[in-house]
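Assemble the whole structure, with the sequences as input and the hints as a guide.
Chains as they are written, first to last, in my numbering: chain A, 166 to 561; chain B, 166 to 561.
These are computed hints drawn from the structure, not numbers from a lab.
Only true hints are included.
Since copy identity is lost for identical chains, a pair holds within one copy or between any two.
Once the Cα atoms are required to be at most 27 Å apart in a straight line, the calculated DSS-like pairs of lysine-lysine come out as:
#1 Lys-396 to Lys-434
#2 Lys-200 to Lys-418
#3 Lys-561 to Lys-172
#4 Lys-200 to Lys-172
#5 Lys-172 to Lys-438
#6 Lys-182 to Lys-200
#7 Lys-521 to Lys-434
#8 Lys-437 to Lys-172
#9 Lys-448 to Lys-561
#10 Lys-172 to Lys-434
#11 Lys-521 to Lys-437
Quick caveat, the model's predicted, so the values are computed rather than measured.
Number of protein chains: 2
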Amino acid sequence: MVRNLRKVAIIGYGHSKFGKRTDVNFFELGWESIKEAINTAGISQEDIDFVALSNFGLWSSEPSPAASILEYAGLTPKEVIRVETACSSGSAAVKTAYMAVASGSADIALAIGIEKMHESGTSDVVELLGRIGSYFWEFENFGPTFVGYYALYANQYMHKYGAKEEDLAKIAVKNHYYGFYNPKAQFRKKITIEDVMSSPYIAWPLKLYDCSPITDGSAALILASEEVARKLTDSPVWIKAIEGATATANLAKRDNYISIPSAVIAARKAYKKAGIDPEKPYKHIDVAEVHDCFTIAEIMAYEDLGFAKRGEGFKLAREEQTYIGGLIPVNLSGGLKSKGHPIAATGVSMMVELTKQLLQKVESARQAPINNGTALAHNVGGTGHYVFVTILSLSK
Amino acid sequence: MVRNLRKVAIIGYGHSKFGKRTDVNFFELGWESIKEAINTAGISQEDIDFVALSNFGLWSSEPSPAASILEYAGLTPKEVIRVETACSSGSAAVKTAYMAVASGSADIALAIGIEKMHESGTSDVVELLGRIGSYFWEFENFGPTFVGYYALYANQYMHKYGAKEEDLAKIAVKNHYYGFYNPKAQFRKKITIEDVMSSPYIAWPLKLYDCSPITDGSAALILASEEVARKLTDSPVWIKAIEGATATANLAKRDNYISIPSAVIAARKAYKKAGIDPEKPYKHIDVAEVHDCFTIAEIMAYEDLGFAKRGEGFKLAREEQTYIGGLIPVNLSGGLKSKGHPIAATGVSMMVELTKQLLQKVESARQAPINNGTALAHNVGGTGHYVFVTILSLSK
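Put into structure tokens, the structure is as follows:
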């Protein structure tokens with residue numbers, strides 16, 4: 166009986182350069198993507214009814230930045246809600262803006278994700294990120310960093326299925342390959358398996374090149390109702406489904422470390438809503454962005470999303486099936502690994518990338534063939550505390 | 166053209182005891198209101214499709230508490246979005262849950278606001294709250310506490326309109342009077358004008374008894390679509406409008422200090438949507454909860470909401486027109502002043518109170534006469550960075 170009554174389209178998209186953005190302040194960084202989103206939509210600030218904003222901001226002294234971001238962007242006195250679901254906060258912002266339009270509360274809504282992680286030093290950021298695990302049980306007692314949490318997954322996965330460190334490395338090589346062609350990416354450098362294998366261990370078996378970086382960046386989307394979208398654009402991209410799920414934050418309570426259970430649930434919900442066969446989703450989906458905060462996370466995502474059978478995700482990597490021309494191209498933006506991972510901007514960034522992929526507007530070396538007109542974003546918060554899976558489509 | 170396609174009803178409500186809650190941990194405090202909300206709605210956790218959660222949490226080391234709150238409350242793997250708009254975060258949670266239901270994304274949604282401010286010491290909390298002003302320009306340069314910001318308002322208001330400190334004190338006396346009868350209130354003590362006038366100055370002209378306290382507490386609402394509400398309850402309370410607006414965070418950029426401009430805008434939007442005459446809203450509204458973080462804030466709210474003409478709000482206080490039997494009864498819960506102000510729980514708490522007022526379920530000494538079946542909540546974030554105005558009604 167749950168059903169959406171108004172269709173929602175993406176009609177504008179903006180993306181800042183990702184990287185160490187000491188050249189701009191926080192508000193300028195936000196404006197970089199908002200301005201581009203407004204321009205691609207062909208609207209002005211006054212047309213926007215509602216803003217959903219994601220900024221995790223642990224590294225900032227400003228506890229409530231939304232009003233000031235709006236003011237800098239010329240959006241005062243518009244209504245805003247700031248949202249947070251850790252590293253999936255960007256998807257939560259898009260979901261909130263989506264609900265604003267689908268509910269009729271807004272005809273045009275802005276979703277903006279922004280993070281300026283270099284406001285603190287690296288060691289502070291690494292500690293603050295570690296707290297996003299199960300704070301009381303894990304961080305307070307054992308003090309792992311985030312790579313430590315994902316090393317647990319990598320350990321059990323490799324032990325159970327026989328994946329090798331070289332298989333993980335293949336993910337990093339692929340994502341750096343595509344990031345090289347993305348002018349907005351933080352690292353534009355092709356790397357080799359040897360580069361990854363010789364990089365220093367951070368938490369065995371994960372090495373430096375298995376990890377996404379600390380990144381500053383912002384990304385923005387303009388969403389509109391069908392009626393408004395039809396007036397403003399000839400090329401709307403429809404949000405067919407944007408579904409979230411949660412799991413215990415406490416890894417000691419998980420059944421295993423080979424899968425993120427909330428990802429499986431969110432994918433199932435999204436596939437059902439979008440009419441995608443959960444057994445063979447790659448038959449429908451032209452291109453996907455998945456949450457490769459660490460290389461093992463991308464391999465688990467292949468399985469959690471049904472791109473590969475359980476225990477066979479690493480074979481997709483080994484056989485290069487997630488390059489263009491393979492079973493399903495994944496992270497043609499460079500992914501979190503190479504494009505960068507500004508925590509609360511990442512989910513929005515994924516959807517900016519997929520919108521441009523569907524509209525065939527990315528650089529030719531990393532443009533997926535668009536056959537079905539369907540794309541998927543998979544965005545994980547914490548160690549799977551939160552997951553959102555989103556399906557975008559050229560057809561309503 | 167903006168319109169809501171699905172009606173949304175409140176079908177359950179819960180409220181923890183407010184105060185210094187060192188008797189419970191954070192998760193137990195949340196469960197106190199969630200349990201009551203689920204029980205009053207006559208549902209179980211599995212019936213909930215979506216959760217909107219507000220927790221400002223500056224005083225906590227846990228950066229992303231939503232997943233753990235859900236787990237403790239038996240709500241994993243439900244979708245959650247945590248929201249923040251400073252002291253109006255609770256209204257943002259209700260708005261987000263409202264949009265989830267109105268959009269068809271959920272048939273039943275939970276809004277939960279929670280704050281455990283005593284996790285830090287008083288001086289830390291006072292400093293952290295001060296940062297919610299315009300951080301860079303005001304806090305960093307001048308270091309005011311929050312009472313300092315509102316003292317600016319009180320100064321200009323008294324200077325311009327001839328209000329006296331005793332007029333401000335009348336607000337505190339009224340709200341303590343009603344809080345005395347509210348078993349969930351933090352302070353259950355009637356006070357006199359002399360008590361207020363002899364309390365120590367915090368920031369002239371505001372004294373200790375002009376200020377709301379540091380509070381732990383939670384509040385929760387269950388929202389449902391019309392179809393579901395009709396099945397589950399004979400007494401739904403409808404959300405007729407829940408509208409937000411923003412203003413510059415930087416007080417130096419405001420036109421004056423006698424009004425909160427975002428409150429005027431949010432009220433105008435809410436009145437329009439709910440069909441309330443903005444010139445005489447008290448003709449429609451039986452009872453209101455307004456954001457009396459400081460006594461001057463309640464007086465400005467009277468004017469911003471149209472309960473009094475500009476410059477005459479203090480006369481409503483002087484003439485006791487906002488007691489039961491007056492022009493419009495305000496803060497019969499005790500308000501932030503006496504009930505307490507657990508930052509991100511406050512907006513949800515206001516709506517729990519108004520739901521019970523409309524259903525005539527509060528203690529008789531503080532029950533408003535319900536004639537039109539309409540109630541208003543006014544919830545301010547920061548120094549007016551964010552404002553939400555909500556209209557609840559017994560009729561759809």
